[in-house]
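Colleague: Letter by letter, the chains look like this.
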Amino acid sequence: MRIEVRNLVQGYGKHNVLDEISFEAETGEITAVLGPNGSGKSTLIRTICDLMPPVSGNVMLDGTDVHDIDVTDFAKLVSYVPQSSDAGVYTTVLETVLLGRKPYVTWNYRDKDIQYALDAMRLMNVSRYASRNVTDLSGGQRQRVFIARSLAQCPSFYIFDEPTSALDLKHQMNTMIRMREVIRTNGSGMIVALHDMNLALNYTDRVIMLKNGRIHAHGPPEETITEENIREVYGVESRIVETEVGRYILPISPLNMEDDDP
Amino acid sequence: MIGENKSNIAISDVDIVRDFETSRKRKVVFMTILVVSCAVASIWALGVGGIMVPFMDVVRSLFHNLLPGIVDPASESYYPVIVTSYRAPRVIMGLLTGSCLAVAGASMQSILKNPLADPFTLGLSSAASCGAGLAIAFGPALLGTTYYMSASIWGQTITIGWLFTVVMAFGFGLISTFILLSTIRGKVASKSTMILTGVVIGYLFSAVLSYLKYVSDEGTLKEITDWLLGGMWGASWSSVMIVLPIAVIGIVLLESYAFELNTLSCGDDVAKNLGVDVKKLRVKVLLVCTMISSACIAFTGIIGFVGLMAPHIVRMIIGNDNRYLIPISALLGSLILVCCDALARVIVAPDDLPVGIIMYVIGGLFFFFLIKRMRGGYEL
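As you go down the protein sequences, you meet chains Y and V in turn.
Using our numbering, the letters of the first sequence map in sequence onto residues 1 to 262.
Using our numbering, the letters of the second sequence map in sequence onto residues 1001 to 1380.
Treat the hints as calculated values from the structure; they're not laboratory data.
Using N, Cα and C, we set each Cβ at its ideal position, and we do this for glycine too.
Honestly, I wouldn't trust all of these hints.
Claimed, not checked - Restraint-style ranges between C-beta atoms, simulated for each label pair:
#: 1; chain 1: V; residue 1: 1214; chain 2: Y; residue 2: 53; range: 25 to 33 Å
#: 2; chain 1: V; residue 1: 1014; chain 2: Y; residue 2: 72; range: 55 to 63 Å
#: 3; chain 1: V; residue 1: 1012; chain 2: Y; residue 2: 71; range: 34 to 42 Å
#: 4; chain 1: Y; residue 1: 198; chain 2: V; residue 2: 1014; range: 35 to 43 Å
#: 5; chain 1: Y; residue 1: 28; chain 2: V; residue 2: 1204; range: 53 to 61 Å
Stated by the list, open to error - Here are the simulated lysine to aspartate or glutamate pairs, EDC-like style, with alpha carbons at most 16 Å apart:
#: 6; chain 1: Y; residue 1: 211; chain 2: Y; residue 2: 242
#: 7; chain 1: Y; residue 1: 170; chain 2: Y; residue 2: 136
#: 8; chain 1: V; residue 1: 1284; chain 2: V; residue 2: 1255
#: 9; chain 1: V; residue 1: 1113; chain 2: Y; residue 2: 86
#: 10; chain 1: Y; residue 1: 76; chain 2: V; residue 2: 1013
#: 11; chain 1: Y; residue 1: 112; chain 2: V; residue 2: 1269
#: 12; chain 1: Y; residue 1: 112; chain 2: V; residue 2: 1021
#: 13; chain 1: Y; residue 1: 211; chain 2: Y; residue 2: 19
#: 14; chain 1: Y; residue 1: 211; chain 2: Y; residue 2: 20
#: 15; chain 1: Y; residue 1: 76; chain 2: Y; residue 2: 62
#: 16; chain 1: Y; residue 1: 211; chain 2: Y; residue 2: 228
#: 17; chain 1: V; residue 1: 1280; chain 2: Y; residue 2: 70
#: 18; chain 1: V; residue 1: 1113; chain 2: V; residue 2: 1269
#: 19; chain 1: V; residue 1: 1280; chain 2: V; residue 2: 1268
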């Protein structure tokens, strides 16, 4: 399966946040969307998930405009995890994860649905909280519950908006490793907005670097995440260090402290 | 984190499924307890009033005609008349009103993601009662003889005037709902903005009602004031026959939206991603809530806070799954209102106290309790 973003323009009122964005994402791959604050990452993610109609251009899923796909069918194809999710009071972790089965269930959860939820919770390491209320968990634990909900949805594409931002170091890596396993074994795909370029460099297959709503660079991570691009997009001087366990970015200094834009 | 050390103990899938099943059973048991409590409370309420009818005599009055061989007749010959003709419609109206207001409250809280939402706090009750008040005051002049025309259904007379009152209550309820919807359009307004809008809507319609009282003659004034305080004395078999189908259809409809309502706990975007048309659902749910609350309010006047108390108590006991929350809130709302109405008949017996007054006191205290909980991050 393939998600194709074509000449996408998106904005709020007269202000365009995304300008002429075009790229493709395939199943079997993790595509990272990188960029500084306000570069349009979340807007791009929301538009791909058909949560905002584009100003112009379109998002196609295997040749069909996402807006023309029936909402329940779309829910079986694409699952979305926002940067921060609401958590319902008096709703347990298992109940929250089971909501991911909504597109497949009309009223009662079948044994199969519960099994999907159990597997998803185990993968995200939240089984031990299954009977606890989501509101009793920490921000990072909650985020893992929401990722588990999205796993239980069994889609073709996982579209996550900074899923690791609330997580501690171990769970950041764990989440990316687990998601990569899921994508390799299920043949699904993932588009993920990330803040941490080291995660993008080591766990993703393609990178889209956004700057002021436009694609600045696009391609395999080692070709896209370069010292030059980091300087131009983030306004940060950095070094990319080759180690025996991989390539890592070492931020050195910001170029212009006074300027808000990179 | 909270309990992190304790929760490091491994939990198997079998344990999780067992816990899930236990919690489902607990919901069913709670529901059964409430059904029985409602039945017992109703029978007790049928016996309470100016003339006290003993519990067993109420049972005999109700079931002797149905099962003459098994159930003995009541000890006094006038008991069955008191129980079935005078008190039964009142108790049934209490059951219906309690369930409608509680279900409307539960659904409004879920759809607006606001724990303080209910027909009363959002101004719907004031609007509907304003419509009904106008119908009562001006209906006869407006409709002429048509107002008094009636039809007989199963031996009960239903006048056009009553239907007109219900329609007016619904119409005005709709106005308040549209005002509310227009203020929250685009994105969900903050919880306090929403309640403030409700308070303002309430004031607007109360102003119309106050004017109505001001220009009314003494008889009508007393009638409107009594009715506004909220009471079941307007109940008759005829009014029950109007409210019953509306309540049943409305509650069944809201229950059918329960699963979709559950997804809203994760936020509008996630609900939409799970295949729910959030905008359409919000309009549908609010319309049905307006319909069932208005129908009850047209006959009982304003009864506040049932829609807050019942769903929140239920949530604390069985959680926030709307598939269970809606029917169980209906039962608890019925139980609360029937008990309070019976209490209203006992406190100043042989006179009647409007049940609305009792609900203001109990509900008001509960409102404070909720506000206090919300400070601790009580979200829906």
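Colleague: Each of the hints needs a verdict: does it hold here or not?
Modeller: Now for the hints, and whether the structure bears them out:
Evaluation of the 25 to 33 Å hint for residue 1214 of chain V and residue 53 of chain Y yields a failure: the beta carbon distance comes to about 51 Å. Between residue 1014 of chain V and residue 72 of chain Y the beta carbons are some 32 Å apart, a value that contradicts the proposed interval 55 to 63 Å. The hint said 34 to 42 Å for the Cβ distance between residue 1012 of chain V and residue 71 of chain Y, and at roughly 36 Å that hint holds. Separation of residue 198 of chain Y from residue 1014 of chain V is about 39 Å and conforms to the stated range, judged on CB atoms against 35 to 43 Å.
Between residue 28 of chain Y and residue 1204 of chain V the beta carbon distance is about 59 Å. The supplied range of 53 to 61 Å therefore holds. This hinted pair does not check out: residue 211 of chain Y and residue 242 of chain Y have alpha carbons roughly 26 Å apart, beyond 16 Å. Under the criterion of a C-alpha separation no larger than 16 Å, the hint pairing residue 170 of chain Y with residue 136 of chain Y is inconsistent with the structure, at around 21 Å. Distance restraint check for residue 1284 of chain V and residue 1255 of chain V: the Cα-Cα separation of roughly 12 Å lies within the 16 Å cut-off, and the hinted pair is therefore satisfied.
Between residue 1113 of chain V and residue 86 of chain Y, the direct Cα distance comes to roughly 10 Å. Compliance with the 16 Å bound is thereby established for this hinted pair. This hinted pair does not check out: residue 76 of chain Y and residue 1013 of chain V have alpha carbons roughly 25 Å apart, beyond 16 Å. A distance of roughly 26 Å separates the Cα atoms of residue 112 of chain Y and residue 1269 of chain V; the hinted pair therefore is violated under the 16 Å criterion. For the proposed pair residue 112 of chain Y and residue 1021 of chain V, the alpha carbon gap of about 15 Å is at most 16 Å, so the pair holds.
Annotation: proposed proximity of residue 211 of chain Y to residue 19 of chain Y holds, straight-line Cα distance about 10 Å (limit 16 Å). Between residue 211 of chain Y and residue 20 of chain Y the alpha-carbon distance is near 12 Å, which keeps this suggested pair within the 16 Å criterion. For the hint pairing residue 76 of chain Y with residue 62 of chain Y, the CA-to-CA distance comes to about 14 Å; that is within 16 Å, so the pair holds. With a C-alpha separation of about 13 Å, the suggested pairing of residue 211 of chain Y with residue 228 of chain Y holds against the 16 Å cut-off.
For a cut-off of 16 Å, the pair hint linking residue 1280 of chain V to residue 70 of chain Y stands: about 15 Å separates their Cα positions. For the proposed pair residue 1113 of chain V and residue 1269 of chain V, the alpha carbon gap of about 13 Å is at most 16 Å, so the pair holds. The suggested pairing of residue 1280 of chain V with residue 1268 of chain V holds, with an alpha-carbon distance near 12 Å, which does not exceed 16 Å.
Hint compliance for this structure: hints 1, 2, 6, 7, 10, 11 are not met, and every other hint is.
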